[in-house]
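Asks: These protein sequences, in sequence, are chains V and H.
Going by my numbering, the first sequence opens with residue 1, and the numbers climb by one from there.
Going by my numbering, the second sequence opens with residue 1, and the numbers climb by one from there.
All clues given are correct.
If you want the ones that stay clear, here's a sample from chain H, every Cβ over 12 Å from chain V, calculated:
| no. | residue |
| --- | --- |
| 1 | 47 |
| 2 | 52 |
| 3 | 54 |
| 4 | 59 |
| 5 | 60 |
| 6 | 63 |
| 7 | 64 |
| 8 | 67 |
| 9 | 78 |
| 10 | 81 |
| 11 | 194 |
| 12 | 222 |
| 13 | 227 |
| 14 | 229 |
| 15 | 230 |
| 16 | 249 |
Going by beta-carbon spacing under 7 Å, a handful of chain H positions derived as facing chain V:
| no. | residue |
| --- | --- |
| 17 | 24 |
| 18 | 124 |
| 19 | 209 |
None of these hints come from the bench; they were simulated from the model.
For glycine and all other residues, C-beta sits at the position ideal for the given N, C-alpha and C.
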Amino acid sequence: MRSILSVAATRLRKGDIVAHAFAFVFGAAVVGVTGLLAWELWRNSALARRQFGWGFLVSQTWDPVAGQFGAAAFVYGTLMTSALALIIAVPLGVGVAIFLAELAPPRLSAVAGMLLELLAAIPSVIYGLIGIAVLVPAMRQWVQPILKTATGGFPLFGGPAYGIGLLTAGIVLAIMIVPFIVSVGREVLLCVPREQREAALALGSTRWESTWKVVLPYARPGLYGAIFLALGRALGETMAVTMVIGNRPEIAASLFAPAYSMAAVIANEFSEATEELYLHSLIEVGLVLFFLTMIINVVARGLIAATAGPGTAR
Amino acid sequence: MTLLSRNQRRKIVNVVMLGMTAFSTLLSVSVLFFVLVYLIVKGGSSLNVAFFTELPKPVGESGGGMANALVGSAKMLGIAAITGLPVGLLAGLYLSEFAGRTMAGAVRYAADLLNGMPSIVIGIFVYTLVVLPMKQFSTLAGGLALGIMMIPIMTRSTEEFLRAVPVSLREASLALGASRTLTIVRVVVPAATRGMVTAAMLGLARVAGETAPLLFTSLGNAFWSQGVLHPTASLPVMIYNYAVSPYDDWHRQAWAAGLVLLTLVLLANLGARSLLGGQRHA
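Bound-form chain V, shown alone (with noise of 0.2 Å):
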């Protein structure tokens, strides 16, 4: 296609150039957008950036009355709580990737899919409402109780049952990343070529081998892509987070106990934030949380395409 088109585009008349120009302001602008979004966290949290410098990652102090800030609370929540997410949604979503690529009928395969979408298509303050009402009492009634006492005293598992906190922050957000594991990993799946799988078979294994020793392998790094990407989504995720994790800017060995994300605190501190250094700090807080996901999501995008191949990678 590029080629024919490239022959065309040596007898650009004068209208096509004028179309060339106004479609390129167009694609300039998204390029420009994106990098005045950097420039601008950039900018404007100089203050913070210059007072603190390499300090705000470690420092878990958050004072905004005093004057010191350090985000170490934050970059903690977000992270534990993304680990948690991805620890119940990786295997669930490959599950559901396995099932819908490698055994069911097509038109039940179509049909889970499409619900699927539309489960990934539910705002995220919708999933904070049911957190809020059905899962923080479920917490605090059965999970947390059970949990403590069956690990007899871990500290991991310890202390008062909030029914908020880390854990429960990390459930909400496996439900949210679920539907992008799937859908990236069916189509991922989907890629693998069928002789692999024909292969398998006839040499006597039986179709969950042919799957666990053939198929994943095969797809492993488009896999991982897709864990990436929902890595992403669940490390930016803001409002069903806020809703659940207690908004509390501490380091607690416990996962019952109440944390902070980096998206939360935003959400919850920005418009009251008055002086300068207390704003330019929660917007470094939104510079980490920018290039956190920058990174992610190019990892994420390079592994995929290197299973998709080159037909399909774009």
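Once you have looked at the hints, place chain H on chain V.
Replies: Here is chain H on its own, set in the frame of chain V:
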């Protein structure tokens, strides 16, 4: 008890693991139905005509509605459509029809980066760009934040749908002596219209539920907004504020608002998908 033979064990593992993948699917899909049923039960009982026609009541007075939030959300979606759609569409057109390798790579990378950006970061961006200079939270700022979120969604899907238009159609038009611009306007774009409408609907549905970028751009408002340069209430922000409040009456309102928002978002999704489904079979 006799030990299972190796083959029996393999068969059992096969059935158990495959069964577990089916169970995961059932579990994930049932979350959707749980959310739907729960919202219908909780929200349906609080939903009444007043919800659509009245302003919110102060704490302590029961009743009232979210008419201002519905209008506010609609206005901001309108602004998002006016700003985000054309930029995204034309950037997608540029990618599929004009861009050389380097520029295409840059535009795609920027769009993907923007698409993966947490929505709260978009909120900060618009705050520094619009709210700070104007010294005013506004409907305009909220709408722009949603519009910026629409740009990458539209860019990538427009590119995809335009690329799906067969080369033979383009060649036929060029062979008849039409210029490339004419070919694009009269042949390529019309062939991809349905896909692009679908993408626009999906994009609007996605940003309609966004809360985080509105928290400090459009803020909120207990009354009717005085215009696009003033703060406005919106459905998602209302749900958030009411859900975290300690008042039972507000919780009921939040459920009602949640039901309305989810219904709109899911209907837009289903509508967009059925539109696309028709094209695939045609």
